[in-house]
Each structure stands twice: as structure tokens, then as C-alpha cells.
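Chains as they are written, first to last, in the numbering used here: chain G, 1 to 364; chain P, 1001 to 1364.
You can trust all of the hints, since none of them are fake.
DMTMM-like cross-link-like pairs, simulated, lysine to aspartate or glutamate; straight-line CA separation at most 25 angstroms:
#	chain 1	residue 1	chain 2	residue 2
1	P	Lys1095	G	Glu161
2	P	Lys1082	G	Glu331
3	P	Lys1095	G	Glu331
4	G	Lys95	P	Glu1327
5	G	Lys316	P	Glu1075
6	P	Lys1316	G	Glu75
7	G	Lys95	P	Glu1331
8	P	Lys1031	P	Asp1115
9	P	Lys1082	G	Asp150
10	P	Lys1095	G	Asp150
11	P	Lys1082	G	Glu327
12	P	Lys1082	G	Glu161
13	G	Lys82	P	Glu1327
14	P	Lys1095	G	Glu327
15	G	Lys82	P	Glu1161
16	G	Lys82	P	Glu1331
No lab work stands behind these hints, which were simulated from the structure alone.
Quick caveat: nothing in here was measured; it's all calculated off a predicted structure.
Below, each chain spelled out in residue letters.
2 protein chains.
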Amino acid sequence: MAFILTFLGKGGSGRSTLAIATAQKFARQGKAVLLATQDAGPVVGTQLGQSLTATPQSVETNLWAMQLRSATLLEQSWDAVKALEAQYLRTPFFKEVYGQELGVLPGMDEALALDALRRYDASGDYDVIVYDGAGDQTTLRMFGLPEILDWYLRRFRQVFEASDLGKALSPFIQPIANAVLAGDWAGRLEQPSQQAADLLGQGRTAINDPTRVLACLVTTPEAAAVATARHLWGGAQQIGLAVGAVLVNQTTAGTLEPEVFAPLSNHAIPALATQDWAALIDALPDFNQLAQSAPRPIVIDVPARRVSLFLPSFDKTQVTLTQYGPEVTVEAGDQRRNLLLPEELRGRPVQGAKFQDRSLVISF
Amino acid sequence: MAFILTFLGKGGSGRSTLAIATAQKFARQGKAVLLATQDAGPVVGTQLGQSLTATPQSVETNLWAMQLRSATLLEQSWDAVKALEAQYLRTPFFKEVYGQELGVLPGMDEALALDALRRYDASGDYDVIVYDGAGDQTTLRMFGLPEILDWYLRRFRQVFEASDLGKALSPFIQPIANAVLAGDWAGRLEQPSQQAADLLGQGRTAINDPTRVLACLVTTPEAAAVATARHLWGGAQQIGLAVGAVLVNQTTAGTLEPEVFAPLSNHAIPALATQDWAALIDALPDFNQLAQSAPRPIVIDVPARRVSLFLPSFDKTQVTLTQYGPEVTVEAGDQRRNLLLPEELRGRPVQGAKFQDRSLVISF
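Between the sequences and the hints, there should be enough to build the whole structure, so can you do that?
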């Protein structure tokens, strides 16, 4: 298991530069570090002084770097799908389609990158993984995937099973399975479907734990960059991703007024002068300590029947709370979150909700 | 039908600012213009002097602006899915799920934004639509969607129909349909499936026509921004999106060396000084003229049995040509394109390929 760090902020505020400096900082402390960039262009490679490949390459002592390339990752995933199919179907048909033919559709970049991070995390080869993604809403969609996809699977399975269509189809499933498949379809399909649910659950647990996955905001002192960083801060809470600090980049003007990002600490980072990385590395905060102090996106108090959602940068007119389906839905910052509540609170109606100290406090 | 313009370039190079200036330029020429931003933060609204909503709002004479909000668009699309379902299923089950519950998964932003652009384009309300997207690989994935999704549908339908599984399932489809559905399933499903294929085909045709959809590159004189713009230039060709010019932003230093982006023209744009938009607007090129002169991503010469792919910014070691499946696949810049060839060339083996004047010339 590794500590996964990522940076959110407006384009041009220096996210990739700080990702490199962070990776170097940990490497020089003796940690095994993987720097994985999703920037498809040559810029990160240029800054590191070597062109990047689709597999981790040594850059300096303890530091490996790679470019997450979707076309390559898709080929590898396709091979895995074909292997799974070959295990379950007597006459596989995916085998007729080659990974090398497959184009990259929207969303695949995020799904493939997240899965790659999961595999590098599970490999045990790295203490720290620095993920240099788009750093905007796209990165939030990626880290939100496990929780949201898990919701879709749960909700639609339930609706389908309860429907007339589901009931009418169920007697047909066994005969089809017997006719076409090698044996016991239901039992065999249970296993990969359970595996998928487990993976999503594990992903969600890791993303909700700041000692496993932590984001930091990057901004310049410029107003537009500050506004974007603040917006992404709120958005990160909506997917359960904790934010540890604000890095005020490319400045000798000192930090921002503390109240702009309170309660986060903010750290002035000098601009990168002719490859003088040491000055940047020295200015970076202690990320492990930040992981301990980062405000939690959600705090559930079962005895008090109260759920607090930390939603900085939104005011109450920008947050909508609904209970259409079986779960409570919170909408803010173009993101919707269905609250997966503990048994004791599940299915209870919302009694009240109020904004308090940048948090939405919901009573059940 | 509108003329759709978008800007590609490194974050922080000023894409949104130039999108606003472009929208104003057309509006002041008397065109009805929609400026649609996908930036979820407040920055574009601040620049326009009013906060944006999920529907077009008047900003000045002839100019409307909006924020493409995925959560809202998803709700609208979901209503359309439910209406379709209600038409075809006697006992719909999607109706149990509310649009207000649905979270946004990776890829939905791009699919929903593209569909929204299609609808605003078809509405006839606008002469020009300026789309301010992420401006990076994500935007390319979005405009690549119609061609690539169409390929997936075509390829998998063919493989499925030819498979033992497809053949074994076919006798079951009619009985299930009769048991559950209101009447003639096959005939009724043919229609929406054909409509989907038509939409994808129309989208692809529009995106491949520079007088309908045109991209421009935005860069600052800084080396990293130039390298990113060059990379995106090549990537745009891979999805059939023509690029008209390079805008060298925030500079008084003049244009770049012409050979960096030859044969594109490059245009120096001054930095935005205290809301003095007129200086920016005056420095912008004539986009309609660029649409005529933009190099075409693909040129097919049937009598000569030759296909030329314009692939600037890639050298031949970065381009892979394969023929695993029924189509010829070109891989470059983390994108894969399956060439949909005219009848006369389809299925023919590749005889040779060479790089010539920044183009890959393939002979059949």
C-alpha cells in the first residue's frame, strides 16, 4: 500500500512542477516513489530531463516516472477481459476483437488511470505515488468513480430485480446459460461480479482515507487561480477526497490571507529558477502530517443521528439536498453524491439541515 | 446549423479569455453567438461580469453565455431515456430511478456536453457557438466520440452476430419480447438504434468539416506551452478535427517562428489589460477564412488508392499503422483511429506507407 498524492488547481498554476518536486522530496527521504503523469504531451518529460514511457523508468535514486497512456492501458485491460471471457464462455466472441484496434472513448482515460494506480498501489513496489492528472473536475470525476459506479450498480440491480421485466426474464436465464455456457452461469458470474463490487468498495475506502489518498490545492496569487482552487476544494469534498493544504506557487509575495482557505495551512513556494529544485522541495510542507490534520469530508455521528458534510467554498444557495430515491442526495459544484449511511440511519427521513462552520449538518 | 469554434492549448495560456473575445467579435459583427463553457468554476462568469447559469443568458447584444453543467444535463437526458423506455416497454423500470439521484461518472461530461452542443446547433438559434472546454486531451476525446463509438457499435454488432452466442441467443429474443414487451420488439428497437447510428454519423460529418467545427491552438511564447499546443495539434488530426491557426497569447514580442506550426498562420494577441477587450478582438484572425484554408486531417484519393493523414508534430517513430481487424488502425499521440474507407478501398491490404510533408501517406 502506498500513499497517493495529487494536486488540484487551475491550469498553468504549476501543478506538474510541484508534483515533480513532491516526488523528489519523498525520494530524497529514502521512500520509493512513482511519479505517474497523465499529461499526454512532452512537458513533464522535458522537466525531468528524459522522455517518459508507458512503464515506470528510473529517473534518480528511489524515483521512477511514467506516462499513463490510455491506448496502452486499454490493450492490457482488453487482454484481461478476454482472459475472463475465455474462463466463462465456451465460445468466446471478444477474442475476435484485438486490443490494438480499440479507440479511446471519453471516460476511459480516468477509468484506466484509476485502475493503473490501483495496480501500482497493490504491487507493493512504491511507498508513495504522485499522480499528476488534469487537476480539475476530470480528476475529481476519476476519484469519484468507485463510489458513484458502486451506487449505479446497487441501485439498478435493485430496480431491475423488483421489476416485471426482471421477474419475467429470470426463468430464461438458466436455459440460455445451459444452452450456451460451460455449466453453471449464475454461480460462476457471481464471482467476478462480487470481485468488481469488492474492488469498488476498496477503492472508495482508500479514497476516503487521507493517509491513503490526499489532494493538495495549487494556486498562484492571481484571483482567477485562487477562485478555481477554492471551487475544486469544495468539489473534492463532494467525492470524499480530503484536501491537506494550499500551495501558493510562483510567489515571493508570501502566503494568502489565512481566511481564504481556512482551516487549511497555506505554503508559499518560489518559482522554479533554472532547474533549482532544492528551493521548491524545501518549501513543501510535510505531507504525512497534512494527512493527519486534513478536514474529513464527512463525519457521521450515529448516536446523535447527525451527518456533517464539510463543504467549504459553497454557500447554502449552492447546495441542494434531496431524498427522491432510497438514499439522501447532496448536489453541489456540478456533482451529486448519494450518502451511503450506516444501518442505523439508512432509510430514515431527513429531519433538518443547516450550514454551520462551512459544513452542512443533516439530522435524521 | 452553427459554426462551432473551440480552442486547444496548455492550461493558463488564456483559452477562456480568447473564447470570450472570439464570441464578442462575432456578436459585434451581428452574428447570434452562444458561448458555452465547461469550466465548472466561477472564472468565466467573473470575466463576463455576471454569474453563469445552466441555460443561455444574454450578456450583450447578440451574445448569450452559459455553463454546461453535467448534473443538470444528466437529469434532462435521463428524462429522455425514460420517455423512450415508456414507449417501448409495457412495464418500464427506469421510471423508478430519478434523474436527481444520478451521480456524474467519468466520460459523462464529454458525452453530455457534445449532445448539448448538437442540440444548440440544431436549434437554429445561433450562427456561431464558441465552446470553451478543457482544451486538452479531454476535448479531443469528446470530439472523437462519434467516430469511435460508431466503430465500437459496428465492430461488436458484427462480432456478436457471427458468434455462437449470438446465434444461440437469437431464438430466445422473440419469445422474451412477446412475453414482456408491447408487441414487435425487433421492429420497434430498430428505430432508436438506427437513430443513434444516424446521430453519430451526422456528428462525425460535422466534426470532419472545418466550416462546421474548427479548432485553434492557443499558446504563450513559453516553451512548455508551445510544446503542448504542438502535441494537441497532432492529436486533433487523429480525431479528424481541423486546426485553423495558432494564437500566440499574452505577448507583445510578436509571433513565433513560422516553421514551428507551418503551414498554420500564427497571430500575436496582446494580454488583456483591465477589461480592454477591443485590443484582443482586433488581433483575432478571420475565423471563417481559416475554416477554408485549414489543412484537412485526411485526404482520400480513390483512383490513386492513396490515403494521406496530416500528422504534424509526430515523427514516424511515434506513429503505428496496423491492420489487425477489418479496418486499418493508426495510433499516435495516445489515440487510435480506425480508418473508415470508401467502398473501393475497404478491406484491401496496405501496400506501403511513408511520411511526406508531415503527412502519413498510405497506399492500398
